[in-house]
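K.L.:
Sequence:
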Amino acid sequence: MKIAHISDLHLYSQGALNLKHLLGRRIFGALNLFFMRKNQFSEEVAVQAVKTLIDAKVDHVVVTGDFTNLALEQEFLLAKRILEPLWAFKTLTPVPGNHDYYASDAITEQRFERTFGELLWRDGEERTWPVVKNLGNVVIVVLRSVFLCPPGMGYGRIGVEQLQRLEKILEANRNNRTRTIVALHHHLHDRGFVTEATGRLLDKSALLEVISKYRPALVLHGHDHKPNRWVIEGENRTIVACNGSVTMLKPNFSPRITFYSLDGQSLRVEAWVYQKERKEFRAGQV
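Sequential numbering from 30 applies to the sequence shown in this note's numbering.
To be clear, the hints were calculated from the coordinates, so they are not data collected in a lab. Hints are supplied without guarantee of correctness; some may be wrong.
In silico DMTMM-like cross-links for lysine to aspartate or glutamate, where the CA-CA straight-line distance does not exceed 25 Å [to be verified]:
| id | residue 1 | residue 2 |
| --- | --- | --- |
| 1 | 109 | 138 |
| 2 | 242 | 219 |
| 3 | 255 | 190 |
| 4 | 162 | 190 |
| 5 | 86 | 73 |
Since the model is a prediction, treat every value here as computed from it, not as a measurement.
Using the sequences and the hints given, assemble the complete structure.
P.N.:
What follows is the structure, encoded as structure tokens:
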């Protein structure tokens, strides 16, 4: 099975933001968007990424959060429109990011769940976390690490209940022939003092303890806009991987897509990097 991983699209729909949105914590995000991140994230590159995924004939795509910038209704609609060619339960798994839960109205109105719910839960299925998607020889477990943080913060937390459920899910899939992928938004590596002080996963050690015990094949995440990959060694290796942003056009950085080919017990990794001159993704360094 060929799995693609992308993350951190940070889509903004022009004209979506109005004065009423600036009464709460969105004012901090708006200042960041228009002054520090202006033109950093490209809708055009997002569209090209989807085209690349279709041309690559991937079996499934995992998107590890931050579809939106400010969790506005129009941003979610834009994300759905761009991802429409991949829009099916069997081909697309969305993961909530902190920017998708950016403000209380987005959480109260369940904008993420209303937009992406049909890709996570079957009709009539209880909408709980973690989400388990059985794709035959691959099982994807989606954790929700996001919650409404204080202004300027981007913390994550899995919580005791999700961790307990995750253990049971991994235990149930431990000795069969399936390969398990755990997906969440928040990073599991150290990003330095400032970032860890404002945007770390608060119960990272507890999650890593569970991961180290049950050794899923892959742990995929976002939050960090730069790619990162490390391995938990042992009898069964676990690759912990951050794709980085699939749309960020910052100097000295290229958006990317990571492909994972799972065949039996083998796992092959390939990265495609966006070529700015050609305006297309091409095979690059892993």
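K.L.:
Run every hint past the structure and note whether it holds.
P.N.:
Here is what the structure says about each hint:
| no. | hint | verdict |
| --- | --- | --- |
| 1 | 109 <-> 138 | 17 Å, holds |
| 2 | 242 <-> 219 | 21 Å, holds |
| 3 | 255 <-> 190 | 30 Å, violated |
| 4 | 162 <-> 190 | 19 Å, holds |
| 5 | 86 <-> 73 | 21 Å, holds |
Checked against the numbered hints listed earlier, the structure breaks hint 3 alone; every other hint is satisfied.
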